[in-house]
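Chemist: One-letter residues, chain by chain:
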Amino acid sequence: KAGVTQTPRYLIKTRGQQVTLSCSPISGHRSVSWYQQTPGQGLQFLFEYFSETQRNKGNFPGRFSGRQFSNSRSEMNVSTLELGDSALYLCASSRGQGGPYEQYFGPGTRLTVT
Amino acid sequence: GEDVEQSLFLSVREGDSSVINCTYTDSSSTYLYWYKQEPGAGLQLLTYIFSNMDMKQDQRLTVLLNKKDKHLSLRIADTQTGDSAIYFCAERPLSGGYNKLIFGAGTRLAVHP
Numbered sequence: 001k002a003g004v005t006q007t008p009r010y011l012i013k014t015r016g017q018q019v020t021l022s023c024s025p026i027s028g029h030r031s032v033s034w035y036q037q038t039p040g041q042g043l044q045f046l047f048e049y050f051s052e053t054q055r056n057k058g059n060f061p062g063r064f065s066g067r068q069f070s071n072s073r074s075e076m077n078v079s080t081l082e083l084g085d086s087a088l089y090l091c092a093s094s095r096g097q098g099g100p101y102e103q104y105f106g107p108g109t110r111l112t113v114t
Numbered sequence: 001g002e003d004v005e006q007s008l009f010l011s012v013r014e015g016d017s018s019v020i021n022c023t024y025t026d027s028s029s030t031y032l033y034w035y036k037q038e039p040g041a042g043l044q045l046l047t048y049i050f051s052n053m054d055m056k057q058d059q060r061l062t063v064l065l066n067k068k069d070k071h072l073s074l075r076i077a078d079t080q081t082g083d084s085a086i087y088f089c090a091e092r093p094l095s096g097g098y099n100k101l102i103f104g105a106g107t108r109l110a111v112h113p
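Chains as they are written, first to last, in the numbering used here: chain A, 1 to 114; chain B, 1 to 113.
Be aware that a few hints might be false.
Claimed, not checked - Computed footprint of chain B on chain A; a stretch qualifies when at least three of its residues, placed anywhere within it, have a C-beta under 8 Å from a C-beta of chain B:
#1 47-59
#2 99-111
As the list claims (entries may be wrong) - Below, computed lysine-lysine pairings styled on BS3-like, alpha-carbon distance capped at 30 Å:
#3 B:K70 x B:K56
#4 B:K36 x B:K70
#5 B:K68 x B:K36
#6 A:K57 x B:K70
#7 B:K68 x B:K56
#8 A:K13 x B:K36
#9 A:K57 x B:K36
#10 B:K67 x A:K57
#11 B:K67 x B:K36
It should be emphasised that the hints constitute simulated quantities derived from the structure, not laboratory data.
Think of the CB as a built atom: it goes at the ideal place given N, C-alpha and C, for glycine as much as any other residue.
Use the sequences and the hints to build the structure in full.
Modeler: Below, the structure is given as C-alpha cells:
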C-alpha cells in the first residue's frame, strides 16, 4: 500500500507570494492533518480535515488555509508569504477520527521563502 | 494545559540499550506516540500506547507508561547506528475527538561505535 505523498517536495518562493501544497493520504484514510516544523518552534499543528470539513485548527494566522476534497486529498495554502513561513510542512493521514487510529506522515514539503 | 517535554540529546554506544524519556501534562485519556525522524525525512511512526496501558513491546522497542507521573519512555534494545535519528514523543488528547498531536521538541539520539 502506498504511503502518504506530498507534492512538491521542495519549493522556493519570495515574500508576498502565495503557495499551495498538496497531500494525498493513504488509500482508505479519511482524515488529514497538517503540521509546520521549524528549528525554533518544533512541530506545530496547523489544521485537521475529515470528510471535507475542517475539524480543528491550530494557532496560525488566517494566511494559512486548507481544504479537503471528496477523495480525501488535501491542500494547504499560504498567502502573502513571510520569511518566517520557511519550514518543513508535513501532512499526516489517519483512517478515522478520535479513535485508536495510527497517524502516518508524508515526507514533507520544504518551503523556503526568500 | 497541553505540553510535552523531552530531553534534547542522548548518546549511546552501539549494542547498548537506549532510553528516551518524555513527560506530558494532559490529564484526559490520551494516546501517546513515538515517531522517528531521520535527516531530510518525514516522521516514521514507531509505536503508540493508550493511557490505560502500562507497557507495550514491539521487537526491539519497549514503551513504558507511568500514568501517575505522566511519564513515558521508549527503550531501544541493542541500539544500532541506523537508530541514530531524532525521536519525538507526541500526545493525542481524546477530548474533542480530534486527531491533533502535541509534540515534544525531540530527542536526538547519537549512536557511536
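Chemist: Given the hint that K57 (chain A) pairs with K36 (chain B), test it: the Cα-Cα distance must not exceed 30 Å.
Modeler: Given pair K57 (chain A), K36 (chain B) holds - Cα atoms ~25 Å apart, limit 30 Å.
Chemist: Is K57 (chain A) close enough to K70 (chain B), meaning Cα to Cα at most 30 Å?
Modeler: holds, 26 Å
Chemist: Please work out if K68 (chain B) and K56 (chain B) have their alpha carbons no farther apart than 30 Å.
Modeler: holds, 17 Å
Chemist: Verify this for me: three or more residues of the segment 47-59 of chain A with a beta carbon less than 8 Å from a beta carbon of chain B.
Modeler: holds (count 5)
Chemist: Verify the proposed pairing of K67 (chain B) with K57 (chain A), using a straight-line Cα cut of 30 Å.
Modeler: At roughly 28 Å apart (the allowed maximum being 30 Å), K57 (chain A) and K67 (chain B) satisfy the hint.
Chemist: CA of K36 (chain B) to CA of K70 (chain B), is that 30 Å or under?
Modeler: holds, 21 Å
Chemist: K67 (chain B) and K36 (chain B): Cα distance at most 30 Å?
Modeler: holds, 23 Å
Chemist: Counting residues of the segment 99-111 of chain A that have a beta-carbon nearer than 8 Å to any beta-carbon of chain B, does the count reach 3?
Modeler: Satisfied; 9 residues make the cut.
Chemist: Does the alpha-carbon distance linking K13 (chain A) and K36 (chain B) stay inside the 30 Å limit?
Modeler: holds, 29 Å
Chemist: Would you check the hint for K68 (chain B) and K36 (chain B), treating anything up to 30 Å between C-alpha atoms as holding?
Modeler: Status holds; Cα separation ~26 Å.
Chemist: Given the hint that K70 (chain B) pairs with K56 (chain B), test it: the Cα-Cα distance must not exceed 30 Å.
Modeler: holds, 16 Å
Checked against the numbered hints above, the structure violates none of them.
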